[in-house]
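Here's the letter readout for the chains.
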Amino acid sequence: MRKFFRLLSGRHAVIGLTATFLAGHLQAQTTFPVNGIAAEKQTTYAFTHATLIVRPGVTIQDATLLVKDGRIVAAGEKIQLPVQAMVVDCKGKYIYPSFIDLYSDYGLPVPERPSRGFNFSAPAQLTSNQKGAYGWNQAIRSDISAAALFVVDDSKAKNFRDQGFGTVLTHQKDGIARGTGTLATLANEKENKVILKERAAAFYSFSKGSSTQSYPTSLMGSIALLRQSFIDGKWYASRPAKEGLNLSLQAWNNNQALPGFFEANDKWMAVRADRIGDEFSTQFIIKGGGNEYQRIADMKATGATFILPLNFPQAMDVEDPNDARFVSLADMKHWELAPTNPAAFEKAGIPFCLTAADLKDTKQFLASLRKAIEYGLTENKALEALTITPAAVIGTTDVGTLEPGKWANFLITSGPVFQEKTIIYQNWVQGEKYAVNESGWSAVNGLYTLTLTGAQQSASYLLEVKSATSARLFAKDTIDAKFSSDGKFVRISFPETKNGKKTTRLSGVNNDGSWQGTGEDTAGNKLLWTAVFKSDVAAKADSIKKKAPLSLGKIQFPFNGYGWDTLPVSTTILIRNATVWTNEGDGKIEGADVLVKDGKIAAVGKSLSAAGAQVIDGTGKHLTPGIIDEHSHIAAMSINEGAQSVTSEVRIADNLNPEDINIYRQLSGGVTSSHILHGSANTIGGQTQLIKLRWGSNPEALKFAGADPFIKFALGENVKRTSSSQNNRFPDSRMGVEEVLADAFTRARDYEAAIRAAGTGTTTGKGKKVTADPFATVRRDLELDALVEILNSKRFITCHSYVQSEITAAMRVGDRFGFRFNTFTHILEGYKVADKMKAHGANASTFSDWWAYKMEVVDAIPYNAGIMQQVGLNVAINSDDAEMARRLNQEAAKSVKYSGMSEEDALKMVTLNPAKMLHVDNKVGSIKVGKDADLVLWSDNPLSIYAKAEKTIVDGIIYFDRTRDLALRAAISAERSRLVQKMAGEKKGGVPTVPAQASMEIMQTCSEHFHRHGLLVVDGEQANNQ
Amino acid sequence: MTFSMKNIFGFLFYGLLSLSVAAQETVYPAPAYNGLLFIKNAVVHVGDGQVLDGVTIMIKGGKIEKIAKDLPIPMDDVKVFDVKGKHVYPGLILSSSVLGLVEVNAVRATADFNELGEFNPSIRSIVAYNSDSKVINTLRSNGILLAGVTPQGGLISGSSSVVQLDAWNWEDAGYKPDNGIHLNMPDLINRPNPFGDASNPPGDPLKRGMEQVDKMKAFFREAKAYAFEPAHASTNLKYEAVKGLFNKSQKLFVHADAVREMLVAVDFSKEFGMDVVIVGGSESFQIAPLLKANNIAVILSQMHSLPTATDDDVDQPYKTPAMLQQAGVLFAINDEDGQTRGRNLAFNAGTAAAYGLTKEQALQAITLNAARILGIADRTGSLEPGKDANFVVSEGDILDMRSSVITQAFIQGRLIDLTDKHKQLNERYKHKYSLK
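Residue numbers (the numbering used here), protein chains in the order written: chain U, 1 to 1026; chain A, 10001 to 10436.
Okay, derived cross-link-like pairs now, DSSO-like style, lysine-lysine, Cα gap no bigger than 30 angstroms in a straight line:
1) K41(U) - K91(U)
2) K988(U) - K10207(A)
3) K916(U) - K10430(A)
4) K197(U) - K173(U)
5) K421(U) - K987(U)
6) K193(U) - K173(U)
7) K838(U) - K10432(A)
8) K158(U) - K91(U)
9) K10421(A) - K836(U)
10) K836(U) - K10436(A)
11) K916(U) - K600(U)
12) K197(U) - K131(U)
13) K10432(A) - K836(U)
14) K91(U) - K488(U)
15) K794(U) - K769(U)
16) K10207(A) - K10224(A)
17) K923(U) - K948(U)
18) K10319(A) - K948(U)
19) K916(U) - K10436(A)
20) K948(U) - K10359(A)
21) K836(U) - K10134(A)
22) K10421(A) - K838(U)
23) K554(U) - K988(U)
24) K916(U) - K10432(A)
25) K10224(A) - K10292(A)
26) K982(U) - K10207(A)
27) K10430(A) - K838(U)
28) K10207(A) - K360(U)
29) K10430(A) - K836(U)
30) K10248(A) - K10270(A)
31) K10248(A) - K10217(A)
32) K982(U) - K554(U)
33) K371(U) - K91(U)
34) K588(U) - K10436(A)
35) K588(U) - K10359(A)
36) K10436(A) - K838(U)
Here are some, though not all, of the chain U residues that point toward chain A, as calculated from beta-carbon distances under 10 angstroms:
37) N662
38) S848
39) A852
40) E856
These aren't lab readings, by the way, just hints derived from the structure by calculation.
Nothing here was measured: the structure is a model prediction, and the numbers come from that model.
All C-beta atoms, glycine included, are put in the ideal place defined by N, C-alpha and C.
From just these sequences and the hints, can you work out the full model?
Following this line, the structure appears as structure tokens:
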């Protein structure tokens, strides 16, 4: 097919070739003086005979798009062309609204992030480095205005335009609150013109970016900071005198009316972001990371619109088995399934936009999008996600479709825009043309009559042009010609005969489909030539390569080999003829049956039966209550918010990680509940979360429902930052630790009184009492809220502690303020003050035999639990360690060895006793009718090193089963092998691969760093400080 | 306390000992005993897989003379212990440890296991060994009587020494000084470096690691040439220190975990003809037959570990010993846990017994195998005539915390005092609370 420009103005016949020539021709700004001739331009273009995609789903054939002064005037059939219109014949071409990317930082400086090589002992930066009347935290950059910083950058703009984009919402990707983004086109014009909407949206994230301030160091801290900022903003709206001018909060408040974008970059982060939004009546638009397909139901539940990147991982080079060894199945599965992410959103009916963000190179955008389409995304949905959805999200009527009144931002393409062979010829932005790839615009393919006119002779041939680079000539022979055409200039050379050495060489220009020029024949005689289009070459039927149907692995919950295909539900289970350790008055019952129904223990006795029950033979085996770990750091994204000495505002619950493999591993050791504690980096740490090990669930469903809230405190070496020789964070001694406690609770008490006073309200003239909102005047403080709960026995303390002086000092602070230290955890010198602890009413949760790893444990003894128990304390053995937690039964058994404790009492230290200290002994901790069916079936006496957990049951669901585990191992092996082969196949097929990278595991610890956790483990402190 | 009379019952002795409350400073190393010693009615776990029930062990001059049923016990001035119903085990051996080199991990002033520099073969751990470390006695209480004291740091850390755990000073403690040279294999895993961690610089870690390997090889080539040089114009202490590797009077202990790292270790053994032992070996199960074929022994540093990779079998570290056993690899189980300081060695072995080893195989991994690997099997590691009388008596299965209660221990025939700081503090506070 022949495609030509037909321009009324011959001067602009080169329009297709010189894009930059036209740039800068939007109407001049009124206020700007002109040096030279103003020559104001009025432009009207008519794009005719095009297949016009006015908006996704609305296609008009043979239509005209009329553009005047940068805006669309009309789009449709039979449009009257104004006489001044410059007509561009788009016969055979497609015109689309150009794309919108809502997640760009185009035109903005990228702030330098401090290199955060982790240094736990470096001094803290306790205050913000931002000078001026701003807020306290450097990561709250609500005052940043992208519009104020925006500078057009045509080289970057071109990369976007070449991929079809015409408009971006750009913001500075830095900080937890990132200020406002601005909506700008990708035109190469003055900033004043390209900015369509100065303040189009507000942006947030969990990452503190360039902030050098210590707080927050953790995800929990970021969440707390965001929550407190929402609260502070509301409070600041009344301009409290005490605060003075706070530009950060002022800007925060101003930004609240804008759509809020949250950079989550991960499926669970999306859930966390949405939860913050829910709390403050804000529906965030969530920027995803590409793994959301793994939990699409949870994504849907957010009710959010998503911005999805297309940064699909490249195949790894896993040919070397020693490299493949360290690549996790989850990473390989994600490689395979990541391209299904947009399709999963479409299928689930979740609104989404697409972004070129996160791609290594913007130029990969369309190729990645085609991959997403190949993996199930429909073309129409893809177009929506790039046009009308983003336009609607930010409420712009300026761009997104080809409807009259919009900016003329459109693409002219050779065919349906997402098809592989389609070429984007031009990308018009605000009515100005930017060439993308015009070499095929006026396709030269076809049969031509080539006429050579020399002084001596003339000749005529049939020329078949097959492409811009190949042609052949039909003379006596069929002769392959050397041919090249760039759309304008044409070069042809050919020998006289098929094997001739000498060539006739022609050079000419393309004028509206006819070519003419000059040349030399084989003898060197000058000649003139013309070539006139005769007819199209009959197109060969395109042999469409049928792609093999996709064969993809399954999504598992959690997303690794030990996950479930579908989440399990509780069934009726009858365990028969086991030795049942009840932890109740009956003690240990030999040959007993336990019936589990609806997640509860339904009966304990002999010769039970139940219709339809799954019967498990317990002969020779032992059944115990599930193990409860009072002190654990698994299943969380961060553990320590160590930037301040009091961080009671942070909550482990905000950052649970339900996919931590250690959940499964601990189930294999009989653990059913874990108390996830904040670390010990500071005196008053964060709020803890008791979880049940419901492997496969989402973060919310991990929580132990109805359990009393707890908080972690810590004393001693860690909180005074002993390992740092440059500590500048108060306290630096145990003397100071005690005062941190006293100060915090003094503030809490005063705060509570202030709230009470402010909330009492006034009595009206008619004697009617009006209760005021106390937080209208008192700044609600999340940190103090938690401490007030402690004062009111609504939140309970578990306190990391070692030496007797600090234990006693802490209890005395409690006595002074009228609260109790519910639990002292670690408590390795508890045996020295067991009597005092008993008088105070504290529980003790300790290690069996840790000692001598730091100075404060040089008097730790393995008889500690035994002595404390004999003095009459409620004693538990805890892990604080993901490996040891799998052997807590053995850790308890060490008191049998060292202190001669009875076996039943020893088992209680990891079952009933921790249940008591966590206030959940009404639900778990013993085998009693009505309690939760959290049970372990052991192969042997559970106090023996030879005992293995064969089945671990939580809420009546068998979450770990040694038989099933064997099957999973085989499945993992098979799936790994399949994916390794598939990756290797990609490599063989010529697809570029990246070197295999070990899949690291992040492990959270309590800052006790004296044993190794394996080759692939990264310490969570290190990971979180980034 | 000396019991120079016949038929002192073990339980009586234990009862007396537990009453002695004194600071560890007054727990004296036992003097040499050259007389006769009989342990009768013993269930003897030989250490090589055999169990001898109801036998008598005869010890003379600190060495095992005979083990047999119904050995006649002379009426002379002999020590006799009736251990009826109890188990006798070879003294357990902690193969590789910083015992005595560090008292409290977090206190820098107490740490003497790490030296500056990459090549420190002439560094000797034994000269820093503190025989008065409070940790030592807690190990004895759990049956550990010998330890390989190992330096760390650099590429070549220095020499380890085997010590016995009842001594006045390091010279007394030396059981086999300078038994091996320790080498730390560089990391040969391609890890992502998303955190800009300074200890993990950018670039190809494999290439970087191999450069270090080349440096080490170059060192050994030079050292080997030096070793065969009849006379030296100048003395090179570093080359001198590794001479024993080339005549196999010393072993090369290569600290390595990943397969590629272990393959390099095998290459060391091939090229230099050295006796190579892998220390760490968490991935050794992957190449067990290859290790066997090349006679490479393994010290498994930490049985009680999590699996290396998410996809690994949840009990992989626990069953690794069984996989090595099956392949015929000589291996020892170690306990380098920094928070319990080695006291759980027997339970690390117990875990291996729960996951595929027999109990006697598991015992062997912390006794005879360890002795073989450390080069002391001619003198200890099993209860056999001619070997040192290094053994412990336990009320029950030593591998299981449910039953392991050590009542007596002997080093070179000397009955050692099992008091330790922990027992003393236990007594002190039982006294405070009037507990029994």
